[in-house]
Amino acid sequence: MRRALSILVLLLIAEAPSVARGARSEDVSNAGPAGQQGQAASASLPTVDQVLDKYVQAIGGKDALDKVTTRVMKGSIELPATGDAGSIAPGTIEIYMKAPNKRMLTVNIPGSGTDRRGYNGKAGWYVDPDEGPKDLSGADLDALKGEAEFYRETKLKELHPKMAVEGRTRVGSGEAYVVSATLADGNSEKFYFDAQSGLLVRDDLPVEIPDEGKTTQQSIFEDYKDVDGVKLPFTIRRLRPDGDSIIKLSEIKNNVLVDDNKFEKPPK
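Under the working numbering, the letters of the sequence shown match residues 388 to 655, in that order.
These are computed hints drawn from the structure, not numbers from a lab. Among the clues, some could well be false.
As the list claims (entries may be wrong) - Here are the computed distance ranges between Cβ atoms for each label pair:
| no. | residue 1 | residue 2 | range |
| --- | --- | --- | --- |
| 1 | 516 | 562 | 37 to 45 Å |
| 2 | 548 | 486 | 36 to 44 Å |
| 3 | 638 | 522 | 41 to 49 Å |
| 4 | 628 | 648 | 36 to 44 Å |
| 5 | 486 | 628 | 31 to 39 Å |
| 6 | 651 | 557 | 42 to 50 Å |
| 7 | 646 | 572 | 27 to 35 Å |
| 8 | 538 | 501 | 28 to 36 Å |
| 9 | 529 | 618 | 49 to 57 Å |
Fair warning: this is a prediction, and the values are worked out from it, not measured in the lab. Glycine is no exception: its CB is placed at the ideal position from the N, C-alpha and C atoms.
Given only the sequences and the hints, what does the whole structure look like? Please build it.
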């Protein structure tokens, strides 16, 4: 179950068109065989600000986003099997978020019990079904802290010291602008914004898998729906060498009452 939660800790709801591995893109370079062609292609690309501004507008605009201060999401999740190939039976997932930077998720997998992890704005924790509440640290804490940023969509440039539009590539059935973003630890995350709609359709994030080392986790965002004037993806596919997971949300509610105690580490 800890292996399952290592996948969930990077969960991105804030933050659509293929299925699982079929949604992996083929790289499409803007650089032509001649230098002048490459320069012309680069000149035709939008700026980072233009891509990000279009994204914010596509999901509802800053005013609509700022009106939301809490969010509760519920749905199902399928995780990679730890033994034979395939996925284990679907479980349930609940995510609670509160501005500016609080987050808690609960995952229940049949036969494995219920696990939780949260961030209260200052410290992170998780509840192991066998060992009880524990503090989060290192990469796990950094990941959860980053995902706890409630207004992340409007703060992408603020959260990433360096961003650049690298080109266009195919994601599913459409074209997307590729934006590289340098993280505080020096690693490079990549965002893929649909060239037509402006929506975020894919994210590539460097992660470290126990016993396997560093790799890239690819997230595919699908089935965007309007929730109180804000568009959110209801299906998220996580693609990793150690197995894929699928999150299908059935319910998202904004501005509901969420007690601060929800984000505090439970007593032993």
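Against the structure, the hints come out as follows:
1. 516 - 562: 37 to 45 Å: holds (44 Å)
2. 548 - 486: 36 to 44 Å: violated (23 Å)
3. 638 - 522: 41 to 49 Å: Since residue 638 and residue 522 have Cβ atoms about 30 Å apart, the given range 41 to 49 Å is violated.
4. 628 - 648: 36 to 44 Å: holds (38 Å)
5. 486 - 628: 31 to 39 Å: Between residue 486 and residue 628, where Cβ atoms are some 35 Å apart, the hint holds.
6. 651 - 557: 42 to 50 Å: holds (45 Å)
7. 646 - 572: 27 to 35 Å: With Cβ atoms ~33 Å apart, the hint holds.
8. 538 - 501: 28 to 36 Å: Once the Cβ atoms are compared, 29 Å apart, the range 28 to 36 Å for residue 501 and residue 538 holds.
9. 529 - 618: 49 to 57 Å: The hint (49 to 57 Å, Cβ to Cβ) is violated, given that residue 529 and residue 618 are roughly 27 Å apart.
Against the hints set out earlier in the document, violations occur for numbers 2, 3, 9.
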